[in-house]
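Colleague: Each chain, letter by letter, is given below.
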Amino acid sequence: MKRGQQISPNKEWIRNKFLLFCVLFFYLNLPYKGHAQEKQSWWQEHSSFSGYIKYLNTNSFQDLQYIVTDNLLHNRLNFKCYLNPQFTASIEIRNRIFWGNSVQINPNYADLVADTQSIDLNWVLVDKPALVMLSKIDRLNIDYRTDRWRVTAGRQRVNWGKTLVWNPNDLFNTYNFFDYDYEEHSGSDALRIQYFTSGSNSIETAINYTDSWDENTVALKYNFSSFSYDFQVLLAKYQTDYTLGIGWEGAISTLGFKGEVSYFMPKNREDNSTLVASVALDYYFKNGVSINVSSLFNENGVKDATLFNPNQFAGFQLDPKHLMPNRWSGFIQASKAFTPALSGTFSSMYAIDLKGVFMMPQLSYSISQNWDMDITSQLFYGQQNDTIENMFNTLFLRFRWSF
Amino acid sequence: MPKQKINLWAAVFLLFSFPMLFGQTAAEIIQKADKKFRGNTSYAEFTIDIIRPKWSKQMKMKAWSKGTNYSVSVVTSPAKERGTVFLMRDKEVWNYMPTIDRKIKFPPSMMMQNWMGTDLTNDDMVKMSSIVEDYSQKIIGEEEKEGLTCWKIELTPKENAAVVWGKIIIWIDKKEYMQLQVDYYDEDGFLVNQMIASKVKHFGDKVLPSVLRVIPQDKEGQETVITYTVWKFNIEIPNSYFTSNYMNRIH
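Here the protein sequences come in this chain order: C and E.
FYI, this note's numbering numbers position 159 of the first sequence as 139, with every residue one higher than the one before it.
FYI, this note's numbering numbers position 38 of the second sequence as 711, with every residue one higher than the one before it.
Bear in mind the hints are in silico, worked out from the structure with no lab data behind them.
It is possible that some hints are incorrect.
[As the list claims (entries may be wrong)] Mimicking BS3-like on lysine-lysine, the simulated pairs with C-alpha atoms at most 27 Å apart in a straight line are:
{"no.": "1", "chain 1": "E", "residue 1": "K872", "chain 2": "C", "residue 2": "K316"}
{"no.": "2", "chain 1": "E", "residue 1": "K840", "chain 2": "C", "residue 2": "K266"}
{"no.": "3", "chain 1": "E", "residue 1": "K847", "chain 2": "E", "residue 2": "K872"}
{"no.": "4", "chain 1": "E", "residue 1": "K872", "chain 2": "C", "residue 2": "K34"}
{"no.": "5", "chain 1": "E", "residue 1": "K753", "chain 2": "C", "residue 2": "K60"}
{"no.": "6", "chain 1": "E", "residue 1": "K847", "chain 2": "E", "residue 2": "K818"}
{"no.": "7", "chain 1": "E", "residue 1": "K892", "chain 2": "C", "residue 2": "K316"}
{"no.": "8", "chain 1": "E", "residue 1": "K847", "chain 2": "C", "residue 2": "K34"}
{"no.": "9", "chain 1": "E", "residue 1": "K753", "chain 2": "C", "residue 2": "K316"}
{"no.": "10", "chain 1": "C", "residue 1": "K266", "chain 2": "E", "residue 2": "K818"}
Turn these sequences into a full structure, and let the hints steer you where they fit.
Modeller: Next comes the structure, spelled out in C-alpha cells:
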C-alpha cells in the first residue's frame, strides 16, 4: 500500500476476497481441529494454527476538557507447516479494524497505522472517514534446519535483545516498550544463517532487504556461554554506521545481571560516533514480587531539557541508536502475581536530562482458559516552565481471546 | 584351606550381605524410587490443573528428560502460552517465548517463584533429585498409603546444603518403589506443602501413580493436580534436545 494511493474497485474486491479467505480458513479449521484428535491426517500432524482476537479501547486525555476515544479490533492468524524435519514454512497475518475519534479526526489514519516496509505486504481493505480496516503479513518465511545449520529466509523477527526495556544489540526489529499491544513486532525481510558450533554456542549472520543500501543492516554475531553467562558479540553495518556490540545474560550472586552495549561509527567520518549502553538488574522475591532496574546511556542523546520539546516524546521514532531521545535514562518495574489469575505491574521510566517521567501501571486478569483482560494506563509527565506537569494520559482496556 | 583365610572370606561375605539381610538403607530406597520415576530418559504428556476456590485453569504439556540434569518441556495448551519452552540444564534454566522469538535466562532468584502459577516452584521442577544429595535420610516407620505398605522416610538437610525445606517426609511403597506421599516442612517445623500420589497405572513396563496433587497447607481450596496421560521411559532422545539452540524447535 502506497500512501494516498486510490484503491481500484477491482483491487478492493480481490483484497476483500483475500481477507474472506483468511477468515474462512480460520473458522473451517476449528471444527476440523477438534475432530482430528481421533485420527490425524498428514496435514494435522504437520501443521499448527493459532492466533487471537483482541479488542482494545483507548481513552486519551490531558486534562478532562475532552477525551479522545478509539477502538481497535485486532486479529492475528499464525500458521506453520512442518513440511519435513528440515523445512518449516510460516505465515502470520495481522488484521486490524480501527474506529473512533482519531480515525474521524485524521483523514490519513490508514497511512499513520500502516507500518509500511520496503516490501509491501499491507492491504487497506476499508478506508472510510469513520472506519479503517487493514491487513498485514508480518511473518512469511521458510526455515531450513539440520543439526548444525539453520537458514531462515523471508519476513521474520530477528530478535537479538537480551534486556527487558532497551536493546542496543537488537539491530533488526527494535523493541518499543510503549507499544505494549504488539509484542510480536514487525518482521524484517531478511536472510538469516545460523551455524551451531555446540549446544549453546553458535555463529550467525543476517542481512535485511530495504530499498536502499544505506537503510539496510548486515550483521555477524557470535553467541557463547562462559562462567554461567550467555554472551553475544556482534559486528555489523547498521544503515550508515559500522557497529560493534556485546550483550550478556548472567547473575551476580542471586541478582540477575543483563546488558547490551553497541558502538556506532558513522561511515561519514565527519559525524560523531555513538555509544549506546543498557544495563539491567532483576530480582524475584519469595512473595512473588519481582523487580527490574535498568539504565540507558545514549552518548548522542539530548543533554539539556531546553533543547527538547516534551510533546515530541510520544511520537518519537525508535531505533537502536536512539532508544531514548536523551542521554541518561532510568527504568524500574515491579510485578506481582496476586493470584494465578490476577497480576499487577508498575513500570516507570525517567528521562533524566529531560526531567520527563513515564509511568505505566497495568492490571491483568485471566477470565477463563482462553479469555484475558487487562487495564493499562500510560502517564507522561514533563518539565514545563520550571515545574513538572502532566503532559498526556492514556487509559487502555483490552480483552483477548486466544485460539 | 588355612583357618585364617576362611575367616577372611566369611568377613567379606558378611560385609557385603549385611544390607541384604537387614534391608536397604533409606538413601537406597529414595535413589531407587527416584530412578524409577525418572528412568535414564523419559517422555511424558500431562495436564496441570491449577485449582483455586473460585477459579481454575488447565495447562497441557510435553516433557523430555535425560538423567537428573537435563530436561525440556513445552506448553501445548492453553493457546496463549502454546509453544513456550523451558530448558533445564544442570541448575540453569532458560525460557523460550515463541511470540517474541527470544530465549531468556532465568536469574537465580527466579527459582523460588511459583512455576507458571502452580503450587510448585521453579526450584521444585529442577531439583527434584537433589533430595538424595542435599538431605540425610532415615527410615522412621511403616504406613499404608493407597492400600500399599510404605516406608516412611524422614529427610533432614545436610549441614550447609542450600535447600528450601526444614524437613521432608516421604512415603515409598515397598513393592513398586513409588513415592506416594511427600510432606514438606519449613524451617520452623510447620507443614507447608503436601504432595499426594494416586491412581496407580501401568506406563509400559512400569507401574506408577498417574495423578499427583500438590496441596499448600495454609491455603484453603487451593491445589495443583498433575495428571499423566503418556509416560515412556528409556527411549532414544538426542542430546541436542537439551540445548538452548534447539529450544525454538521443540513442539
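Colleague: Within a Cα-Cα threshold of 27 Å, do K872/E and K316/C meet the stated pairing?
Modeller: Measuring from Cα to Cα gives roughly 35 Å; hence the hint is violated.
Colleague: Please work out if K872/E and K34/C have their alpha carbons no farther apart than 27 Å.
Modeller: violated, 40 Å
Colleague: Given the hint that K753/E pairs with K60/C, does the C-alpha gap stay at or below 27 Å?
Modeller: holds, 16 Å
Colleague: Against the 27 Å threshold, does the CA-CA distance of K753/E and K316/C hold or violate the hint?
Modeller: Distance of about 20 Å is within 27 Å: holds.
Colleague: Starting from K847/E, check that the Cα of K872/E is at most 27 Å away, please.
Modeller: Measuring from Cα to Cα gives roughly 17 Å; hence the hint holds.
Colleague: Holds or violated: K266/C with K818/E, Cα cutoff 27 Å?
Modeller: Violated, at roughly 32 Å.
Colleague: For the pair we were handed, K847/E and K818/E, check the Cα-Cα distance against 27 Å.
Modeller: Holds - the C-alpha atoms of K818/E and K847/E are around 11 Å apart, at most 27 Å.
Colleague: Holds or violated: K847/E and K34/C, Cα atoms, limit 27 Å.
Modeller: Distance of about 54 Å is beyond 27 Å: violated.
Colleague: K840/E and K266/C: Cα distance at most 27 Å?
Modeller: Between K840/E and K266/C the Cα gap is close to 19 Å, so the pair holds against 27 Å.
Colleague: Mind checking the alpha carbons of K892/E and K316/C for me, to see if they're no more than 27 Å apart?
Modeller: Holds - the C-alpha atoms of K316/C and K892/E are around 18 Å apart, at most 27 Å.
Figure legend: structure checked against the earlier numbered hints; hints not met, in rising order: 1, 4, 8, 10.
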